[in-house]
Amino acid sequence: MNALHLAVADGLTIARRNALKIRRAPDLLGGVIMLPVVFVLLFTYVFGSMITLPGVSYNEYLLPGIFVMTIVGSAQITGYTLTQDLQKGIFDRFRTLPMSPSAVLTGQTLADVIMNVTSVVTMALVGLLVGWRIHTSPPEAALGFVMLVFFAYAFSWVTATVALALRRPEVFNNIATIMSFPLMFLSNAFVDSARLPGVLKPIAEWNPVSTLVQAARELFGNTGSLMPEPTAWPLRHAVPVSLAWSVVLLLVFVPLAPRLYRRAVSQ
Amino acid sequence: MSDAIVAEGLVKKFGDVVALDGMELRVPEGTVFGLLGPNGAGKTTTVRILTTLLRPDAGRAEVAGLDVVRDARRLRGRIGASGQYAAVDDHLTGAENLEMVGRLYHLGVRRSRERARELLERFDLTEAADRPVQGYSGGMRRRLDLAGALVAAPPVLFLDEPTTGLDPRARIGLWDVISELVGGGTTVLLTTQYLEEADRLADRIAVVDHGHVIALGTADQLKDQVGGDRIELSVTSAADLETAGRALAPLAAGEVRLDPGALRVTLPVAGGAATLTRALGELAAERIAVRDAGLRRPTLDDVFLTLTGRDADDRTKETVR
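Protein chains in written order, with the numbering used here: chain A, 1 to 267; chain B, 268 to 588.
The set of hints was computed from the structure by calculation and includes no laboratory data. These numbers were taken from a predicted model, which means no experiment stands behind them. Honestly, I wouldn't trust all of these hints.
[To be verified] Restricting the straight-line Cα-Cα distance to at most 20 Å, the calculated cross-link-like pairs of lysine to aspartate or glutamate (DMTMM-like) are: (1) 490(B) x 434(B); (2) 88(A) x 192(A); (3) 280(B) x 291(B); (4) 88(A) x 476(B); (5) 490(B) x 476(B); (6) 88(A) x 357(B).
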């Protein structure tokens with residue numbers, strides 16, 4: 001077996017381990033299934049009853065925002081799981097085995113793709129129950145889902161890198177929460193970013209989360225025919241810019257994470 | 268017979284702390300070697316270097332004929348390691364844990380599954396095989412971790428404090444398993460804080476302190492170095508401790524140690540039970556009430572005190588000459 005074959009086989013072994021963990025750990029499973037359901041119901045019923053938009057139901061407008069918010073949130077499970085494993089001896093075990101060292105991270109992030117697919121499917125189904133609809137062709141809608149999962153995968157590498165730099169689960173949790181809230185709320189996920197005041201407007205318009213939300217709205221047909229077209233450049237080219245964001249994140253963080261992993265485990 | 272493990276002049280620093288300071292080891296193939304020492308002596312650092320987890324700052328080491336730095340990847344296929352923190356996954360079952368390790372040794376899916384079942388049976392875990400490890404007792408976890416180290420039947424095995432934190436029954440159970448293993452010709456390097464454990468399992472023992480070996484020999488040789496039996500007795504009141512120490516000094520073959528916390532007097536003696544009787548007589552003459560008294564073999568503490576002039580756990584105890 002050559003090195004690449006081994007790296008793939010080892011990655012799949014680790015992914016299998018992490019998938020089993022998610023299935024058996026109530027705290028993780030809650031984040032994957034329960035939280036998305038709660039988000040969809042809570043936001044659509046609370047905000048949906050108060051906010052009206054021209055030409056589109058707020059629930060339809062909102063759901064792509066909730067998709068993105070949830071995957072940004074659950075990407076943190078990647079980092080959290082890594083910090084927890086760092087506290088135990090399991091990485092020492094892995095490192096005394098003749099396995100590919102990269103498999104720990106490729107396997108972990110791969111398992112998190114499965115997790116993200118599960119939560120996006122769950123949200124879509126609950127979304128359908130509360131009135132969310134896809135108004136585009138099946139290929140466009142499929143591209144929408146692929147783009148969400150692809151971004152989630154790239155973002156998993158970001159949280160993995162942050163987690164390996166911080167190492168302690170409680171520190172990681174605090175930092176991840178502080179970082180992800182502005183990312184989620186200083187965006188167009190819940191409101192039209194064009195109507196934000198002052199400096200918040202450009203921040204929200206250039207936020208990659210906004211781009212992804214806009215791309216998902218376009219690909220699912222949830223933009224609203226009477227809503228004003230976005231003027232900011234990334235939002236006008238939301239689909240290619242979203243894909244580009246995911247690629248850039250992968251290019252930066254895929255090489256960075258293994259380095260921090262080596263540093264974290266050789267302490 | 269060639270050496271399965273060779274370490275020469277290993278040095279490892281963590282910031283200002285010198286963990287290893289010229290560690291030298293030679294372990295002949297098929298023998299069990301015990302590294303004995305207190306916490307912080309450098310035992311775990313030595314094992315981490317020999318199992319490729321850490322790179323030494325200076326010196327070199329070979330395991331199974333392979334350099335631990337240059338041939339690290341190949342070496343990992345020939346060693347098994349079981350640590351002081353059981354490296355098992357809580358959410359996975361016992362069988363899944365071992366299967367995963369087998370796959371990562373590249374045994375193939377079917378062989379990994381068979382091997383997992385064999386080891387679970389051998390380590391008396393068959394009943395718990397399909398339960399998540401979360402519900403395992405401390406002893407079961409350690410057995411599973413040890414089983415993990417044996418998945419690929421490696422010729423060299425490293426056991427870092429395999430029984431620390433276990434209750435006495437689980438400890439004895441694990442000793443039986445390890446002794447059985449050694450019968451199969453595996454070379455084992457074992458670290459421990461307990462002389463009794465090294466005594467029971469190891470052919471040769473190296474006493475480690477401040478990152479290097481300070482004494483080397485069989486368990487009996489080390490005990491002889493320490494001297495023979497000791498009397499250990501405790502008094503009922505702190506006021507009596509000094510008096511008892513002075514009263515017993517003439518019977519001691521060495522230094523009399525007083526432990527004010529435990530109200531305990533310890534002294535090495537030559538005459539065995541007869542000396543114990545005399546000691547109790549001396550104390551009765553001084554009207555000192557004795558709560559507990561006994562004769563015992565040397566412990567790690569005694570080995571340490573003799574070799575280094577201080578206790579293994581670095582507690583300061585009052586000394587009377």
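For a quick check of understanding: which of the numbered hints are violated here, in increasing order?
Violated: hints 1, 2, 4.
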